[in-house]
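*Asks:* One-letter residues, chain by chain:
There are 2 protein chains.
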Amino acid sequence: MASCGCGVGEEVRNKQVILREYVSGFPKESDMSVRSVTMKLKVPTEDSNMNKAIHQPLRGFGVARVLESKNPDYKKGDLIWGTTGWEEYSLIAEKEALFKIQHTDVPLSYYTGILGMPGLTAFAGFYEICSPKKGEYVFISAASGAVGQLVGQFAKLMGCYVVGSAGSKEKVDLLKNKFGFDGAFNYKEENDLDAALKRFFPEGIDIYFEHVGGKMLDAVLVNMRDHGRIAVCGMISQYNLDKPEGIHNLMCIVYKRIHIKGFAVFDYFDLYPKFLDVVLPYIRQGKIVYVEDIAEGLESGPAALVGLFSGRNVGKQVVVVSHE
Amino acid sequence: MASCGCGVGEEVRNKQVILREYVSGFPKESDMSVRSVTMKLKVPTEDSNMNKAIHQPLRGFGVARVLESKNPDYKKGDLIWGTTGWEEYSLIAEKEALFKIQHTDVPLSYYTGILGMPGLTAFAGFYEICSPKKGEYVFISAASGAVGQLVGQFAKLMGCYVVGSAGSKEKVDLLKNKFGFDGAFNYKEENDLDAALKRFFPEGIDIYFEHVGGKMLDAVLVNMRDHGRIAVCGMISQYNLDKPEGIHNLMCIVYKRIHIKGFAVFDYFDLYPKFLDVVLPYIRQGKIVYVEDIAEGLESGPAALVGLFSGRNVGKQVVVVSHE
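If you read the sequences in order, they're chains A and B. Counting in UniProt numbering, the first sequence runs from 1 upward without gaps. Counting in UniProt numbering, the second sequence runs from 1 upward without gaps.
Fair warning: there could be bad hints in the mix.
[What the hints assert, rightly or not] Here are the simulated EDC-like pairs of lysine to aspartate or glutamate, each with C-alpha atoms no more than 20 Å apart in a straight line:
no. : chain 1 : residue 1 : chain 2 : residue 2
1   : B       : K215      : A       : D242
2   : A       : K256      : B       : D226
3   : B       : K256      : A       : D267
4   : A       : K15       : A       : E296
5   : A       : K261      : B       : D226
[Said to hold, decoys possible] Covered stretches of chain A, as calculated for chain B (at least 3 residues, CB under 8 Å):
no. : segment
6   : 186-199
7   : 243-249
8   : 258-265
These aren't lab readings, by the way, just hints derived from the structure by calculation. Beta carbons are placed, not taken as given, at the ideal position from N, Cα and C, and that holds for glycine.
Here chain A stands alone, though its shape is the one from the complex (with noise of 0.2 Å):
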């Protein structure tokens, strides 16, 4: 989150987490670097490079206050979340999806998160994609994660059954006592899936949210009930392998008339005042929450992103670049 104190045209030190190599594997902490560059806080006439990713600041979804722009939407001292670079101070493209903050009652890292770009997630994905009804059997893999958390409460706030799957007991206890999931379950601890589900659900499953493909995937699917709806939200236990496991339980979307749809939050921007609507109450009078998993200075970032990969994190993983 960049300050407001400097002034523009002001020569700062900017402080930036860049990418030193593309990365292959998994990413490792080495594959980042923090340095720290003279910048002029003065928009450009033209756009510079803006889409080399290499020896670049990274980019992600952050929380700004706006030193100065050329769109008469955003005034000095805006805060604004959307694709920021993660430095000190970021120069964003008029393309780049970008989002006034509007309410400040709530902590402003949640515009990283539940009023963020997971947050849209989450409500599109259950909303839209999932079609749910009351009574529906609902499971969520990663389900303590950033987008996880949400469409589990949201499940239950419709009246659905809800269990989760987690890589740890301290997730799992969230799940229970935290979120108010049904039950829920370490994948780490289960030999056997298959019979981790039919324990949760003799009855099959109607929702399935995924988040991590795989073996978990396979699982699931011969655990769907006739025209369940699998939303796909990442796969991230298959990301960066260099050959992806193979899915053999394709056959039951024939035999159960299942549903799968991919999707990405930038396809659902336009539900953004909606999802607002319906989720700012929730947050104001308890019905939901959220837990972020802090992590402190931008030197924390690669560390932080290095463990997404193995879920070090628990709940959503932020960055604080600055406090206000």
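Fit chain B to the known structure of chain A by using the hints.
*Replies:* Here is chain B on its own, set in the frame of chain A:
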């Protein structure tokens, strides 16, 4: 097709194709046998054991003439199509799907194909599941089959670019010369399915009408365009395998926001009148053609069924039980 010459209550010889053993692997002719039993042409007061599969006639979609019915909608002499037994005289339970045949200016065999279950499957699958738009790129596997040949012609009528795969030169010729596909290839002659698809779809595939599964599906996934749709009608290459092949490219579902939907015609019977309104004029005007592979006599049934799995049939496989 049952003949109407016999009187109700009369005792007749009824030739049947029965299942001798549950099938493991692909069906063999020796799994079936043809027998002749004595049957009284009378609807019983209570349903007998219609669901037992072993030592009973195979069931499938056929055309028949009503001899007697407890349902007042069906009168003696009516022509119907729907679930019948592989036999000369069939007792059809009330729960079975049954449609009265109203239009007899087309061959009655069409009600096992283009005007029956395969036709409605193609219609619902293409228009309802694939949401096609003019100019889109459409790929169909098993494209000369009972369903595929129709999907291709629907797609051409809509102004799509259409390519099909099939398993022989004869079928490929049929696709190009009879059904008007823009391109077609013999998958058995392609060492690299991915390369074959890239040759025909340098811009990628918007719609894939899936009949085969396995390696073809894996190759299609990497060639799909963003927001592509896959209607899964069947996966014939995978049926009856002890362990289905692994599919490795499902991550494309996320990257490309792909929509995959398994479907069965049973869920779309309400579309049948609309389907007839669209397709009958096309048939009468010669805008849609249909190729059938006619086997004569119930005795040829087992070989015809086995042939489906090796692709021996060309077009919709029909077994003629009786000529009227």
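*Asks:* Please go over all the hints and tell whether each is borne out by the structure.
*Replies:* Checked hints:
{"no.": "1", "hint": "B/K215 with A/D242", "verdict": "18 Å, holds"}
{"no.": "2", "hint": "A/K256 with B/D226", "verdict": "25 Å, violated"}
{"no.": "3", "hint": "B/K256 with A/D267", "verdict": "12 Å, holds"}
{"no.": "4", "hint": "A/K15 with A/E296", "verdict": "14 Å, holds"}
{"no.": "5", "hint": "A/K261 with B/D226", "verdict": "12 Å, holds"}
{"no.": "6", "hint": "186-199", "verdict": "violated (count 0)"}
{"no.": "7", "hint": "243-249", "verdict": "holds (count 7)"}
{"no.": "8", "hint": "258-265", "verdict": "holds (count 7)"}
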